[in-house]
Amino acid sequence: MDLLLIILGFVLCIVGIIGSLLPILPGPPISWLGLLLLYFVDGMEWNYWLLGATLFIAILIFILDYIIPAAGTKKYGGSKAGAIGTTVGLIVGIFIPIPLGFLIGPFLGAFIGEFLFNKSSSKIALRAAFGSFMGFLASTFMKFFVALIYLGVFVYLCFQHQAILF
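One rule links them: number in this note's numbering = place in the sequence shown (from 1) + 10.
Hints are computed from structural coordinates only; laboratory data are not their basis.
Predicted, not measured: the structure shown is a model, and the values here were computed from it.
Nothing false has been slipped in among the hints.
With a straight-line Cα cutoff of 27 Å, these simulated DSSO-like cross-link-like pairs (lysine-lysine) come out: (1) Lys-90 / Lys-133; (2) Lys-129 / Lys-85; (3) Lys-84 / Lys-133; (4) Lys-133 / Lys-85; (5) Lys-90 / Lys-129; (6) Lys-129 / Lys-84.
Using the sequences and the accompanying hints, generate a full structural model.
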C-alpha cells in the first residue's frame, strides 16, 4: 500500500507540472496532493509546517492564476473580452497541431476578443492582446515553477526517508 501511495503521489506531482501549462488542470494544488499522499505512508512523520506552507502557496497561486492575466489585460487597456479570448485561444491552441500553438492561441484569442466584441481599433486590440498574453505567461511560469518545486520537495523527502519508505 505504501508503494502505491508513493507512486500515486509522484504521478500527481507530474500531473501538477503538466497542469500548470494547461488551463484545465490546477497544477500546484494537484502537486500539493502528491505531497500530502507521501505523508500517509507508514513511518513518515507529519510535517504540518511544510504541508501548511505548501498548501497556502498552492491556494495563493490558484487565486493569482485568475487575477494576473486579467490584470495584464487591464494594464494594457483591454477588457473582459480580451481575457476571455485569451482562455479560449489557449484551449484552441492546445489542439492545433502547430508548434507552440498553446502560446500563439492566447495572443490571437485576446486580439480577436478585443477586436470583435469591443469594436476596438487593431492597435488597441493588439496592445490589449499583448497585455493579456504577458499576464498569461507570467501566471503560467509561476504555476510551473511552484509545481517543479513541489516535485523537488517530494523527491527530497523520498530520499531523506528512503530507509523508511523502501
